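Undergrad: Sequence order for the protein chains is A and B.
Here the first sequence stands for residues 377 to 671, where the numbers follow the numbering used here.
Here the second sequence stands for residues 377 to 671, where the numbers follow the numbering used here.
The hints are simulated quantities; they were obtained by calculation from the structure and are not laboratory data.
Hints may contain errors.
[Unchecked claim] What the simulated footprint calls covered on chain A by chain B, stretch by stretch (three residues with Cβ under 8 Å from a Cβ of chain B suffice, anywhere in the stretch; the number is not a length):
(1) 487-500
(2) 618-626
[As the list claims (entries may be wrong)] Computed list of chain A residues with no C-beta within reach of chain B, every gap over 10 Å:
(3) Ser403
(4) Val404
(5) Ser412
(6) Phe430
(7) Ile469
(8) Ile513
(9) Gly535
(10) Gly547
(11) Glu574
As the structure is a prediction and not an experimental result, all values here were calculated from the model.
Think of the CB as a built atom: it goes at the ideal place given N, C-alpha and C, for glycine as much as any other residue.
Protein chains: 2
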Amino acid sequence: MIRTVIVGFGNIGESVLEALLESPDFSVVGIVVTNSHLLNIKTDLPVADDINKFENVQVAILCTPSRMIPLLAESILSKGINTVDAYDMHSGIYELREKLDKIAKENNTASITAAGWDPGTDSAVRALMEIMAPKGITYTDFGPGMSMGHSVAAKAIKGVKNALSMTIPLGTGLHRRIIYVELNDDSDFFSLSKLIKEDDYFAHDETHVIQVSDIKALEDKGHGVNISRKGVSGITHNQNIKFAMSINNPALTGQVLVSCARAVVKQAPGCYTMIEIPLIDMIPGDRESIIRRLV
Amino acid sequence: MIRTVIVGFGNIGESVLEALLESPDFSVVGIVVTNSHLLNIKTDLPVADDINKFENVQVAILCTPSRMIPLLAESILSKGINTVDAYDMHSGIYELREKLDKIAKENNTASITAAGWDPGTDSAVRALMEIMAPKGITYTDFGPGMSMGHSVAAKAIKGVKNALSMTIPLGTGLHRRIIYVELNDDSDFFSLSKLIKEDDYFAHDETHVIQVSDIKALEDKGHGVNISRKGVSGITHNQNIKFAMSINNPALTGQVLVSCARAVVKQAPGCYTMIEIPLIDMIPGDRESIIRRLV
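Kindly generate the complete structure, drawing on both the sequences and the hints.
TA: Right, dumping it as C-alpha cells:
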C-alpha cells in the first residue's frame, strides 16, 4: 500500500480522495489544509495544517491552485516525500520540471508534474499522434465546459458579483467564450460587458457576455476535448487521427493524479511529465496481466 | 545517426524505408532479404541475404511475417543488435516478450515487440483510457479495412484463386467479414462459400462471401479503428473517451516501427511492449522542445 497524503481539499482534492479510496493499492494517511480551512473539512480522516504532522508519507498529491505548486512541491520534495501535481500553466511547465528535477535528485525523491488531463493525458495523446504521423498539424479543441481561469478573471472585474465562463470549441484550436455574469445592484451591464471583452483574458477570442440572476444555477462540472491530427506517416499523407472525450472535469483530474501517484514511487529520482513515464507504471496490477489485457 | 537495417522487404519493409529516409536521425545501412528475393528488390541501398554482411548495425527493424519473428528476433538479439518488430498475434505477445527479454539481457541489447498500431499505439490508447477511468469497458472496433490474416485464410481454401477479406466494424467489438473471392474456372461458388463460412477463421463472425472477377481491382491499403471506453473516474460514472483513425495501414505500421527504433537504443537491456516505454523516447528532437510543444 502506498502511503499518501492529499494537500489541498477543494474540488480536485475531494476527487483525489474518492479515487484513492477506490484504488486497491493506496492507504490515505491524511489531508493537509491551511489553518483557516481546518474546521471546514468534513471527513473521518486525520486533517492537519502541516505535512510534518504525518509519518512515513511516500507520496503527497498536491491539489492547491497551480500558482502555489512550485514552492509547495519544492518544500515537500525537500522532506524526501515524492510529489504529484496537476500544474496547468502550459508556458511554465518546462521551467517547473527543471527546477523540481534538481530538488528531487538532491533529495532522492521523484515528482510527476502537469499530471492532469491537459496538460497530462492529452499531452500523451498528442505525443502518440506525432509518433504515428511525425509531420502534420494537431488541433486541441476544448469544451464545451466551464473554464476556471476565465471565470475568475471575469469575477475579478469590479461590479461583477459572480461569473462563469464557458469554453465552446469552434474547431482548429479556436474557442468562443460565453461569460455569464451576475451583477451588483448598482452595476451597468453594457459598460461591464465592454470591460470584460477588452480584458486581456478575453480580447483574443470571440466573447459574448450574458447577464443572469443566479450563477449557481448554471454550474456543471462537465467538460470535454477534441484532439485531431491530419498528418504524414513516412511519405503517406492524409493519416487522420482523432481523440475525444466528454467527462466530469475534477473527477478525471483526481483520477489521473492518483494514477500518477502510483507511478511516481517506481521512478528514479527526478521530475517528469507524463510523456516521460511508461504508461504501464500508472496502472494497478501485475505486469503480465496488464500486458495480456491491453497490448 | 542510428545505424539501421531493414529485415524483410514487403509492404511493411518498404514503408519502414520511406519513414527512415524521412527521419532526421537514422542512417539506413541496408536491407536483408531471403536469398530467393535478392534479385527482386529495386533499391540503390545495399541488399544482402545475411545481416552479418553489414557492420556496426545498431537496430534491426523486423518486417517479416509475424510467425517468423520469434526465431529471427532471438537470432539477431544474440548478435548484440537491438530489434524492433510489429508481431501481431495478441495471444502470444506476453510469451514472446518474456523469451526475448531473457535473450536481450544476456546479450546487453534491447528489443521492442508488438510495435505496430494494434498491438502498439492502440495498446497505448487502451492504457491511457484505463489510467483515466479504471473501471468500465473498452471496445476496439476495427475497419473498414482489409485483413491480411483473413484474406490468406480464405485464399488457402481449395478452389479459391484469390481472396480479399474486409473487416467491417459493427460496434462493441463485433465485426462483419465480407470475403471477396476470385474462383478457379472449375469451382462451384455455392459450395466454396459454405466452406469459407465454416472455416474456424470465419465461423464466429457474421460472414458474407461475394464472387468477383478481379481481386486486384479491389485492393486498398486503407484501414481504421474506433476505440471507446465508458467508465468511472474515482466514483464518477459516465466518463466517455473515444479514439478513432482512418489511415494507410502499412504506412502507419512502418512509421511506428521507426519511432520505436528511435526508442529502443535508449532502453536498458530487455524486451518491452510500447506501454512499457516513455512516449518521449519515440519522438525525435531534444527533450525541452518536445515538452514545450506537446505537454
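Undergrad: Look at each hint and say if it fits the structure.
TA: Structure-based check of each hint:
1. 487-500: Per the Cβ count (6), the hint holds.
2. 618-626: It holds, with 7 qualifying residues against the three required.
3. Ser403: Non-interface label on serine 403 of chain A holds, nearest chain B Cβ at 16 Å vs cutoff 10 Å.
4. Val404: Valine 404 of chain A is indeed farther than 10 Å from all Cβ atoms of chain B, at 13 Å.
5. Ser412: holds, 26 Å
6. Phe430: holds, 22 Å
7. Ile469: Violated: least Cβ distance 5 Å, not greater than 10 Å.
8. Ile513: holds, 12 Å
9. Gly535: holds, 36 Å
10. Gly547: Check passes; 16 Å lies beyond 10 Å.
11. Glu574: holds, 30 Å
Checked against the numbered hints listed earlier, the structure breaks hint 7 alone; every other hint is satisfied.
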